[in-house]
Every structure is written in C-alpha cells, then in structure tokens.
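Using the hints provided, position chain X relative to the given structure of chain D.
2 protein chains.
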Amino acid sequence: MINIALLGFGVVGGGVADVIMKNNETIARKTGEHIHIKYILDLREFPDHPLGGRVVHDMNTILSDPEVSVVAEMMGGAHPAYDYTRAALEAGKHVVTSNKEVVATFGAELLRIAKEHHVRYLFEASVGGGIPVIRPMSSCLAANELSEVDGILNGTTNYILTQMIRAGKSFEAALAEAQDKGYAERNPAADVEGTDACRKICILAALAFGRLYAPASVHTEGITAVTAEDVADAEAFGGVIKLIGRAGRLNPDDPCSETFLLVSPHVIVHENPLSCVDDVFNAILVRGNAVGDVMFYGRGAGNLPTASAVVADIIDIMTHIEAEIFVPDWESADGAPADFTALPYAFLCRLETVQSYDEACASIRSIWTDAEILTAADVFEGKLSFVTPVTTEKEARCALSSLGTLSAMLRVMP
Amino acid sequence: MINIALLGFGVVGGGVADVIMKNNETIARKTGEHIHIKYILDLREFPDHPLGGRVVHDMNTILSDPEVSVVAEMMGGAHPAYDYTRAALEAGKHVVTSNKEVVATFGAELLRIAKEHHVRYLFEASVGGGIPVIRPMSSCLAANELSEVDGILNGTTNYILTQMIRAGKSFEAALAEAQDKGYAERNPAADVEGTDACRKICILAALAFGRLYAPASVHTEGITAVTAEDVADAEAFGGVIKLIGRAGRLNPDDPCSETFLLVSPHVIVHENPLSCVDDVFNAILVRGNAVGDVMFYGRGAGNLPTASAVVADIIDIMTHIEAEIFVPDWESADGAPADFTALPYAFLCRLETVQSYDEACASIRSIWTDAEILTAADVFEGKLSFVTPVTTEKEARCALSSLGTLSAMLRVMP
Chain D
750 MINIALLGFG VVGGGVADVI MKNNETIARK TGEHIHIKYI LDLREFPDHP
800 LGGRVVHDMN TILSDPEVSV VAEMMGGAHP AYDYTRAALE AGKHVVTSNK
850 EVVATFGAEL LRIAKEHHVR YLFEASVGGG IPVIRPMSSC LAANELSEVD
900 GILNGTTNYI LTQMIRAGKS FEAALAEAQD KGYAERNPAA DVEGTDACRK
950 ICILAALAFG RLYAPASVHT EGITAVTAED VADAEAFGGV IKLIGRAGRL
1000 NPDDPCSETF LLVSPHVIVH ENPLSCVDDV FNAILVRGNA VGDVMFYGRG
1050 AGNLPTASAV VADIIDIMTH IEAEIFVPDW ESADGAPADF TALPYAFLCR
1100 LETVQSYDEA CASIRSIWTD AEILTAADVF EGKLSFVTPV TTEKEARCAL
1150 SSLGTLSAML RVMP
Chain X
750 MINIALLGFG VVGGGVADVI MKNNETIARK TGEHIHIKYI LDLREFPDHP
800 LGGRVVHDMN TILSDPEVSV VAEMMGGAHP AYDYTRAALE AGKHVVTSNK
850 EVVATFGAEL LRIAKEHHVR YLFEASVGGG IPVIRPMSSC LAANELSEVD
900 GILNGTTNYI LTQMIRAGKS FEAALAEAQD KGYAERNPAA DVEGTDACRK
950 ICILAALAFG RLYAPASVHT EGITAVTAED VADAEAFGGV IKLIGRAGRL
1000 NPDDPCSETF LLVSPHVIVH ENPLSCVDDV FNAILVRGNA VGDVMFYGRG
1050 AGNLPTASAV VADIIDIMTH IEAEIFVPDW ESADGAPADF TALPYAFLCR
1100 LETVQSYDEA CASIRSIWTD AEILTAADVF EGKLSFVTPV TTEKEARCAL
1150 SSLGTLSAML RVMP
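Sequences listed follow chains D and X, in order. Start counting the first sequence at 750; every next residue gets the next number (the numbering used here). Start counting the second sequence at 750; every next residue gets the next number (the numbering used here).
So here's chain D without its partners, still in its complex pose:
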C-alpha cells in the first residue's frame, strides 16, 4: 500500500479521489499494491464525502508524516501551490501535479530540487488533461531529435471556434453558449486571451528543447479578435481557424538552432490532422527526425480525464519506487524566445479598399504575383481576401503597409 496526500479537493482533486476509489483493484492488479489517500488538504470541510474524515488544514501534518510518500497537488494558482510543492520535495516526497501555472513558472527549479532530493516531480496532467503526451514525449520519442511541437491546448477556445465554424456564430454568441454549457468560465480571460495555452506550450517546449521560457515572454494572441468573416475566409481557402500553441527550432534541421514560441489563431488546412480536432478536444502534434509527425488526441480538461493523468503519474512512481529515474534538466531561460516575426508563414489577409475589384487585385499582385485571391468579383464589396505566398511577418507587414487598411491578417500553419 502506498500512502498519498491530496492538496486541493476541488474539481480535479475530487476526480482523483473518484478514480482511485473506483479503479483501485485494477491499479493493484497492475502494480501489486493499493493506493491509500491518507490526507486531503483543503481550506474547506467535506462532512458528507466518504473521505471527509481525512481532511486536514495544516500542510505540516503531511510534511511530517513519513508514511506519506506521494503528494498530489491540484490546488491551482501559483501560491501556496509552489511553496507546498517545494516543501514536499525537500521533505523527500514525490510530487505529481495538474497545476500548469506552477510547472510553467517554476518547473525548472522544482525539477532541480526533485533531483537533489532523489524524488520525482511529474506533471502529465498539466498539459492536455488525460491525453498521454508528457511521458510519450520524454520516453517513447527519446530516440528523436525534436524540431517542433504544435498544439490545440485549450478546450474552451476550441469549442468556441468550432461553434463559429459549424454554425457561423460570432465570437460573442459562441462564447455565451460555451458559458451556458459550462465549458467557459464567467470570466473567460485566461482561456480566450490565450494565457492557458501559453503556459502549456511553455511546458511542451521545455520538454522538447530543454529550456523553460517564462509565459510572459511569449507572444500570445487569443481568439477575441477572430470574426465570422475570418472563419468564412479560412473555409474558402480550404481550412479552419484554430488557436495554436507553437514551438520549434528556427532552423528545423539544426538541433542547436534558437527556439521560437508563440500562441495565436492559425489557419489549418484540411490536410493537417489538427484541422479535425473539434469541440472541447485537444491535440498535440510532435515532429521528430526519425518518427516524423505523431499526434496525441483526447479530452483536454474535465475532472476524470485530468484525474486519469494524475493517477497515472502516481502509478509510475509506485512501479519505479526503488529506481533512480532519469529526471530532465530544464534550463530557466532569462530572455525571450527567438523572434517569431522571422518565421516563414503565408498570411490570410483581408483588405478594406476604395479601389475597384480589378484595381485591388492588381495592387496585391504587384506585390506578390502568386497571391491567391479568395474573394470572387461578384461578391466584392470593398473587401478583398487573399493569401500571400510564404514570407515573414516583417516582410509581409512592410509590403502591406502601402495597400491600405487590413481587417485581418491570419497566420497559415505551414
């Protein structure tokens, strides 16, 4: 039997308790022992819950109990989650977490502390909910030099965009529906402005490239500016708009080349498997120099999927309890990632113009002879949508500045 403590008994913490109570026999069959939840740390009491008697309010009760070997942190927020995690690792306890904010901000330091104390700090649940991605990236793809990681990392925004695509809704109407269904919070800023996706791509980039960038240093655009018109233009081009967290090597063939990170809406053509990821589902596409592209898909949030990943990390610890396991070294990056405006991209643009259709087309073709015009002459009403050839954002903005007002400029995923 292994004794664990849960920090936080909200949605995820409650889910972890549910999964352990429901599947403990299955787990024991696979690992040879049961999981015992000895303590639950929360500010509240849960008198009606079957585990209500295990609630404590003082972290020291857990830290000072030598029987507790694993702490599962599901509090959310940076503090006191970080402080408790650090204290648990220093007390020689393994820590597993679903807290992306703590991993994305303090991951490098916490991994170092874990290594110093010969314990593990695992965070499969911090990205993609229950989707196995952290462990497959670090073990199953270990034979590869990775060059890129792209992800649909936020279920709320993907649900909103899917509604805009399928039903032609405005962002505001789709957000209201997502709130009604419980997929979006009353204050949806962390989701729709891309903050949540940004934390996750920082974690994935650190796994892939060994360096953890501060989320604040990463260029992050949410989906609040995406319009039904943009969605229609993307469809005319043969694609869909998705909020993508993207990280990679500026030169994909050079494993020492600088890494870029950004979060922004992208046009994804139908041939890309990420284009099929709809509703609240998430997916992460990883590119390696042996395996090519692999993609991991599933529910990126929810109490039970996230709990599935938290408990998998606990099981990993149970089945390797005597082993000296490899702990990754993450370097903490001081500065910002490589300049994303130097990335090669085609852009889907919409020009607002007083010119005639033919004049506007000619203006665009005077810059790029092979630009793809999306708007047909018979529906032209002073707005001309087109897709540039692959260029860089710097060059595109410079060239387009002479044209007039752009009401859209969306990156097309290469």
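Since the hints were made in silico from the structure, they are not lab data. Be aware that one or more of the hints could be misleading.
Since the list gives no way to pick one copy over another, a pair counts as held whenever it fits inside one copy or between any two copies.
The calculated lysine-lysine pairs, modelled on DSS-like cross-linking and capped at a C-alpha distance of 30 angstroms, are [stated by the list, open to error]:
#1 Lys1132 <-> Lys771
#2 Lys864 <-> Lys930
#3 Lys771 <-> Lys864
#4 Lys779 <-> Lys1143
#5 Lys779 <-> Lys864
#6 Lys918 <-> Lys1132
#7 Lys787 <-> Lys771
#8 Lys930 <-> Lys771
Okay, now just chain X, sitting in the frame of chain D:
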C-alpha cells in the same frame, strides 16, 4: 555505454542503425550513456556499410557474449525470430522487437520467460510503427479500466481506401497505384486481407484486457471486396470506409465481461476522429473509464518511424537497468474471442431488387420503420442503399434474408 546486437539488417534493422548513428549524442544527453552496436546478425554480408565489420552469422556469438545486454530483433517471420528471442531472454538479455507476428503468436510465453529471467521483452514497434501506443496504454492509461481499442493499423490498406475515397478509384486501380509507389508489396495478401491488422489488434487487445488470442481465431475481413459503390454510399451517409481492428468488452461497463475482436471494413462517420486518418497514416483510439477516448496518430510503417520505436525501447531499458520493472502477465487464450455477431451495429446495405423504388423502400421499412434510405428515387436503378438502425449481425442477416440479394453489408462504427 550499452552494448546491443541487431538481429536482421533489412529495412527496419538498417533504420535502427541509422537512428542510433544519427542521434547517439542526443540519446547520451538524455540517458547518460551511448548505445554501441556490437553485433549485427544477418545471413548476408554488408561490406560497404560503415557497420559491415560487425556482421556475424552465428547467434551463439551474441548469446555467449556477456557484454551484450540488449538484443533488438527485426528479422520478421516466426522462425527463427521466436527461437532467437527465447534464447536471448533465457541468456539474461533484454529483447526489443518490431516483429508483430512473434508478439501476436508467442507474446504470452515470451513475457513469462522474460519475467522468469528478470529481463524485459518490449515491443513498442510491433504496432503502429513509430506511434507511441504500447507504453502509453500500459503506463499513461494505467489508472483506467479500458473498455475498447479501435485502430487503423495498416498503412497500405489505408492508402488504398484513401485513393478510392478521394479519386473514386476501384480497389484494383488503387492497389496498383500503391504498388507503384512502394506502399504495397507485389504480393499484397497480408495487408489487403487483413492478416497484418489482425496481428496488431491481438497485441493491443492483450495489452488492454490481459488475454492474447491467436490471430487465427479472430474473424478477419480485408478490403478486397470494398467497391467504389460502397465508398459512394458511405459518403452519402456522411462517412468513410476504413479497415478497422476492433477489440473490446461485450459489456463495456463490466470489466469482467467477455472480450470481442474483429478486423473488418467499417463505415466511420465524420464526427469520429478516425475518419480523418488518411493515406499511409495509422491511428489507435483507446477508451478508458476515466480518460474517455484518446487517440494516437502517426506513420504506421517505414524504416525510420519503426526504428524510432525500437530505439525508444532500448532507451527505456537503459534508463531502468537496475530497476525491477513491472512485466504484464498475458494469459494465452485457448479458444476464440466472444461472438462478434452479437455486437450492436448499424449496417450500411445495398439491395439488388426487381421491385420498384417505392416497393423496395416499403419492403425495408416493413422490417425497420426507421431505416435511413440513402438512394434517391431519381437515381434508383434496381439498387437501393440504406442504413439499418442499431441491431446485431445475426438479427440483421435473418431479417434481410427475405428481401433478396444484398451486394453490400458494411458495419457502421458505433
């Protein structure tokens, strides 16, 4: 430094050597040591290959060398691959393999022998090429009771079906194209008749449910009977035809319920993420009681993707060399899996009839009032396509026997 021996220096064996030579520094950075290929066992000589001097022809050279701790078997075929694997495990060497025939036929016995000799038998490369699926299923989803595994497990047949869907080609024309492009062998039987997919679903079912069924005991239909008309009917219904290996619990809510396995073409509706898996790509969808549906996607074959998985298994052994790792127990099933004709399915059927359109529709509706008729009156030429409500194959065949000749009866994936 870890010394390994490669058994077989064909496409996969050569790919493993390439990946190790190319990425050995990356591997050493992650594991702390390099991989050294000490021997290559093959009948042939490779005088022009940089590792040609390491070729040996006698397995005993490898077995008797205490420096060799890992053997990578990539010979293909049952014998002598099985015999060498067994001898290596008995000699206290870890074995990793890409050989699905050996795993699907002898996996239960070889895992038992590995356990007895405190070594590991790993086979990530046996299913889905480089796609991480074996390790994620056994570790990342360990907190779940699994109820179903569905896979597009064969790249050749998926390429052929994709060509039939996109270009309206016949099976014969699409097969010829696949052969021209090197995606199908001159003798394509093992692929197009489903044998290859069958071995893989047997391995996945054993992982999910702990019991290995002999591939010969599993109902297996290939794609040779799929026609362009079937493809068009599936499209009219809102789906695509894919060759699916399917395994699950007859009663998904009861972890002790009997398991079914089958391989057959299925109609996959566009809402199912497997419908987006095209060309030579593979994908495996796994259903767990906490995580819900997760899917793993990537290239299911090819020298480097498969080598990526073989080398990942070697790295797994390197990073756990001192640990007593959990080895799954597979029971070897004597009989056949549960009767697949008892599974709930809707069927896409095409009736060849001498009746008028209205009479034929009435005949079908006399059996199922809610059958969905796919053929419009104005294109009816003695053939009426329709989809039954969910029933069982037994009941459907019995009811349909009174109607006349059926030229198609395809399972619709629930």
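Quick rundown of the hints versus the structure:
no. : hint               : verdict
1   : Lys1132 <-> Lys771 : neither (57 angstroms within a copy, 51 angstroms between copies)
2   : Lys864 <-> Lys930  : neither (43 angstroms within a copy, 50 angstroms between copies)
3   : Lys771 <-> Lys864  : between (33 angstroms within a copy, 29 angstroms between copies)
4   : Lys779 <-> Lys1143 : neither (54 angstroms within a copy, 37 angstroms between copies)
5   : Lys779 <-> Lys864  : both (27 angstroms within a copy, 14 angstroms between copies)
6   : Lys918 <-> Lys1132 : within (20 angstroms within a copy, 40 angstroms between copies)
7   : Lys787 <-> Lys771  : within (17 angstroms within a copy, 48 angstroms between copies)
8   : Lys930 <-> Lys771  : within (27 angstroms within a copy, 50 angstroms between copies)
The structure fails to meet hints 1, 2 and 4 from the earlier list, while all remaining hints are met.
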